[in-house]
Amino acid sequence: MVRVEDLTMVYDEKAGPVLDKVSLSVSEGDIHGIIGRSGAGKSTLVRCLNRLVVPTSGRIEVSGHDITTLSPGATLRSARRDIGMIFQHFSLMSSRTAAGNIALPLEIAGVPKEEIRKRIPVLLDLVGLSNKADAYPVELSGGQKQRVGIARALALDPKVLLSDEATSALDPETTEQILSLLKDINRRLGLTIILITHEMDVVRAIASHVTVLEHGRVVESGPTFDVFAFPKSPVARSFLSSIVAHELPPQVAARLQPEPSGETAPVIRIIFTGDAAEEPVIADLAVKFGIRASILHGRIDYIDERPLGILTLLLPEVGDRLPAVLAHLSSLGLHGEVIGHAVRSSAAGTRRAAS
Amino acid sequence: MLSDLLPPALVALLLDSILQTATMVGVAALLSTLVGLPLGVLLVVTGKGQFLERPALNRVIGTIVNLIRSTPFIILMVAIIPLTRLLAGTTVGTAAAIVPLTIAITPLYARLTEAAMREVDQSLIEAAQAMGATPLQIIWKVLLPEALPGILAGQTVTLVSLVGYSAMAGTVGGGGLGDLGIRFGYQRFMPEVMVAVVIVLVVIVQSIQMAGDWAARTVNHRVARSRDRT
Ligand SMILES: Nc1ncnc2c1ncn2[C@@H]1O[C@H](COP(=O)(O)OP(=O)(O)O)[C@@H](O)[C@H]1O
Ligand SMILES: [Mg+2]
Numbered sequence: 001m002v003r004v005e006d007l008t009m010v011y012d013e014k015a016g017p018v019l020d021k022v023s024l025s026v027s028e029g030d031i032h033g034i035i036g037r038s039g040a041g042k043s044t045l046v047r048c049l050n051r052l053v054v055p056t057s058g059r060i061e062v063s064g065h066d067i068t069t070l071s072p073g074a075t076l077r078s079a080r081r082d083i084g085m086i087f088q089h090f091s092l093m094s095s096r097t098a099a100g101n102i103a104l105p106l107e108i109a110g111v112p113k114e115e116i117r118k119r120i121p122v123l124l125d126l127v128g129l130s131n132k133a134d135a136y137p138v139e140l141s142g143g144q145k146q147r148v149g150i151a152r153a154l155a156l157d158p159k160v161l162l163s164d165e166a167t168s169a170l171d172p173e174t175t176e177q178i179l180s181l182l183k184d185i186n187r188r189l190g191l192t193i194i195l196i197t198h199e200m201d202v203v204r205a206i207a208s209h210v211t212v213l214e215h216g217r218v219v220e221s222g223p224t225f226d227v228f229a230f231p232k233s234p235v236a237r238s239f240l241s242s243i244v245a246h247e248l249p250p251q252v253a254a255r256l257q258p259e260p261s262g263e264t265a266p267v268i269r270i271i272f273t274g275d276a277a278e279e280p281v282i283a284d285l286a287v288k289f290g291i292r293a294s295i296l297h298g299r300i301d302y303i304d305e306r307p308l309g310i311l312t313l314l315l316p317e318v319g320d321r322l323p324a325v326l327a328h329l330s331s332l333g334l335h336g337e338v339i340g341h342a343v344r345s346s347a348a349g350t351r352r353a354a355s
Numbered sequence: 001m002l003s004d005l006l007p008p009a010l011v012a013l014l015l016d017s018i019l020q021t022a023t024m025v026g027v028a029a030l031l032s033t034l035v036g037l038p039l040g041v042l043l044v045v046t047g048k049g050q051f052l053e054r055p056a057l058n059r060v061i062g063t064i065v066n067l068i069r070s071t072p073f074i075i076l077m078v079a080i081i082p083l084t085r086l087l088a089g090t091t092v093g094t095a096a097a098i099v100p101l102t103i104a105i106t107p108l109y110a111r112l113t114e115a116a117m118r119e120v121d122q123s124l125i126e127a128a129q130a131m132g133a134t135p136l137q138i139i140w141k142v143l144l145p146e147a148l149p150g151i152l153a154g155q156t157v158t159l160v161s162l163v164g165y166s167a168m169a170g171t172v173g174g175g176g177l178g179d180l181g182i183r184f185g186y187q188r189f190m191p192e193v194m195v196a197v198v199i200v201l202v203v204i205v206q207s208i209q210m211a212g213d214w215a216a217r218t219v220n221h222r223v224a225r226s227r228d229r230t
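Line by line, the protein sequences are chains S and F.
Using this note's numbering, you'd call the opening residue of the first sequence number 1 and step up by one each time.
Using this note's numbering, you'd call the opening residue of the second sequence number 1 and step up by one each time.
Treat each hint with caution, since some may be false.
Incomplete in silico selection of chain S near chain F, CB under 10 Å [stated by the list, open to error]:
#, residue
1, 74
2, 78
3, 79
4, 81
5, 83
6, 84
7, 90
8, 95
9, 104
10, 107
11, 136
12, 137
13, 139
Rather than coming from a laboratory, the hints here were simulated on the basis of the structure.
For each residue, glycine too, the CB sits at the ideal point set by N, CA and C.
Work out the full structure, taking the sequences as your base and the hints as a guide.
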């Protein structure tokens, strides 16, 4: 549906490329999140997709249109009608009502007035704003404005919807509502959505695939669950830190030592995915190995409707059975790894708890 | 009532003058809108980073506009006498006054509409482009409607300025209220005529301002208005 190959964008020679050989592909019906810090080049990338920005080099194909080689003019305009777009600050016309704003793309495409009149209520209904047809944007809340923006973007039955930080100006509750509306539209219309964001929560909520962008380069890309379960890049890990427990809280991290010593025991991290998340691991360790593991940190989340758990355990009395423990975990379909060593019983912790 | 203060002959003169002023202002306003609005649009859309960027054209229009705007009206009026004769067939009278009035006011109107359109959020233009709008559609369906409150405010300023300019144009043969005030009030020393002229001018300017403010307010949906039905 969308294919980007070696996309490079240079605004300013001295500043270097804003996009550096970016490649990605999005299948029909996917919700593909593109995440990165501010300045990573996300907006530039998404604006290349409908050629609001003309890239320096590379190829872009969207819904069968070769975007980079389209001649500017009628062919580009008709390709753009297959690509809807929603914006962070909604970009609604203040001089038009909700209905008038939704009518704009239809008027631009030359749809007959009679037909526009029939389409508007359908579109308003789709976004749950049937009673706001005559309201001007100034009379609408942020969430309602974005609903108008979404209805407007869907007016011409696009094949792809581009969203540039569409929920960044909204409060968390409204964000959730808008995201579930997008998910719903994705399901009902089979619409492919490309979602730019700087929040992993947004990706987790609705994206089936995610691409992590840093300094204009793709550092990681894949199914959302896989990236959340096994992030490879430091950027992805840090984005995930507030959601998935890949990174330990500082109090726990401070206790870790890279090398074992006489008083330490190994600390392992177990990643539970899918069905394996329900394995009775701790009990197994006690029964099979006689190890009384203590939990240093842990969390289970649902990503793309699949459970993802991350548990950090301190294993005293493990001795030389560590490889056997790891092999056992692996046989259960769990991913276990030693991430360091810590003093066995946290004397400091015990004392603090007692006082 | 008026006839208690002014002799009937003067009242007739006053009404005539009002009509002449109205003609000068009305026709000049119409012509300057017809020329100034497209110029204002051109100044915006050919500007840097805009969707019809044409740096050379933009600079040429900008320079001409600035040249005319920096020329004092009295000098402009004299300087373009040959052009006035060409267009109006004469250099005296109401018709002749319309030529310099239009030329003097058009650049002001162009700049005011340009300023109003620059206020339109760039992301709206981008949104329209993303919808596949042609440049003409962007201008017609987005830029002008969104800038309308500002454009109407500019129109008001233009009309008020025109009333002032028309009083000056009148003194060189154009007729109108300014001419009446000078000829009778000043040269024949009839202060009551001067006072009547000033009062009429104040009323005209005040009416234009009020009508303009009302019109701009009516089309402005950028501020919430409490509605009766909620
Ligand atoms: N029109 C432009 N001209 C010059 N530099 C730009 C332009 N747009 C964006 N940039 C630069 O490109 C970089 C990436 O910007 P952007 O794509 O907006 O990133 P993001 O959306 O990820 O925050 C930034 O350093 C920004 O300054
Ligand atoms: Mg951005």
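Violated constraints from the hint list, given by number and in increasing order | Violated: none.
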